[in-house]
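Peer 1: Sequence:
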Amino acid sequence: MERDPVRQKLRDLLWQRGLTMKEASAAIGRSPSYVHQFLARGTPRALGYADADRLAALLGCKAAELRHAAPPKRRPQKRRRRAMPAAGIPGAPLAAVPEVAVEAAAGPGALNEEFAEEKARWFLPESMIRHEGDADPGNLRILRARGDSMEPLVSDGDRLLVDIARRAPGTGELAVLWDGGGLVVKRVEVLPHAEPPRLRLHSANPDYEPYTCLAEEAHMVGKVLWTLRRA
Numbered sequence: 001m002e003r004d005p006v007r008q009k010l011r012d013l014l015w016q017r018g019l020t021m022k023e024a025s026a027a028i029g030r031s032p033s034y035v036h037q038f039l040a041r042g043t044p045r046a047l048g049y050a051d052a053d054r055l056a057a058l059l060g061c062k063a064a065e066l067r068h069a070a071p072p073k074r075r076p077q078k079r080r081r082r083a084m085p086a087a088g089i090p091g092a093p094l095a096a097v098p099e100v101a102v103e104a105a106a107g108p109g110a111l112n113e114e115f116a117e118e119k120a121r122w123f124l125p126e127s128m129i130r131h132e133g134d135a136d137p138g139n140l141r142i143l144r145a146r147g148d149s150m151e152p153l154v155s156d157g158d159r160l161l162v163d164i165a166r167r168a169p170g171t172g173e174l175a176v177l178w179d180g181g182g183l184v185v186k187r188v189e190v191l192p193h194a195e196p197p198r199l200r201l202h203s204a205n206p207d208y209e210p211y212t213c214l215a216e217e218a219h220m221v222g223k224v225l226w227t228l229r230r231a
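Its first residue numbered 1, the sequence shown is counted upward by one per residue in my numbering.
Quick caveat, the hints were computed from the structure, so don't treat them as lab data. Since the model is a prediction, treat every value here as computed from it, not as a measurement. A few of these clues could be false.
[Claimed, not checked] Distance ranges between label pairs, derived from CB positions:
1) HIS36 to PRO125: 46 to 52 Å
2) PRO32 to ALA64: 23 to 29 Å
3) LEU19 to ARG229: 41 to 47 Å
4) GLN16 to GLY42: 19 to 25 Å
5) GLU65 to ALA165: 32 to 38 Å
6) TYR211 to GLY42: 19 to 25 Å
7) SER155 to VAL190: 22 to 28 Å
Quick reminder that beta carbons are idealized off the backbone N, C-alpha and C, glycines included.
All chains should be modelled from the sequences, with the hints used to inform the complete structure.
Peer 2: Structure, rendered in structure tokens:
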């Protein structure tokens, strides 16, 4: 993986403090190979807020130095587009909604990429999108959720129908956003009177604690309109 400033900074700090990657991983409560995977293999593609905070405290630096301001870029890959058959409803206009090759993590271990490559197209009733979702079909994307932090609301493997035109976070909305550590699916709470403005991100699974982030650092990708799952 191509080096980036955050990874280089972490390497330099580990060397200056005389710490091994294994020791740093253990100090922040991660598996022994966590820091090595991050630096050498690019997994995860960016550190989560909690990990960056713990490493910063360990290494004596500011947490912002270990955070990516935006999702790290990756080399574009060519994918063969797979066509999806239309539903075949006589007389009903259908809208082609692309499914993109990126996953939103409902839990730790997010895939840290922006919407990029189209992997498939799904044909949905245009009237349903416009009247029930109050959305423009051209602004919709479908992506898969990963993890269990939003159970039972969103399950691992569910498809999410996301309106990428709705990028202003609102309290109570289910949203896909970049929280500084990756793309996540969370219930958003805008904290009133917070200076600077902050968001609290909630999981549906009680095993996962809510956490806060700066509103300016939470790049909202879009609002989740529907969850598509098999019965």
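Peer 1: With reference to the structure, classify each hint as holding or not holding.
Peer 2: Hint by hint, here is what the structure shows:
1. HIS36 to PRO125: 46 to 52 Å: Between HIS36 and PRO125, where Cβ atoms are some 49 Å apart, the hint holds.
2. PRO32 to ALA64: 23 to 29 Å: Holds, at about 26 Å.
3. LEU19 to ARG229: 41 to 47 Å: holds, 44 Å
4. GLN16 to GLY42: 19 to 25 Å: holds, 23 Å
5. GLU65 to ALA165: 32 to 38 Å: holds, 34 Å
6. TYR211 to GLY42: 19 to 25 Å: The hinted range 19 to 25 Å holds for TYR211 and GLY42, with Cβ atoms some 24 Å apart.
7. SER155 to VAL190: 22 to 28 Å: Distance hint for SER155, VAL190 holds at roughly 26 Å.
In this structure, every one of the numbered hints holds.
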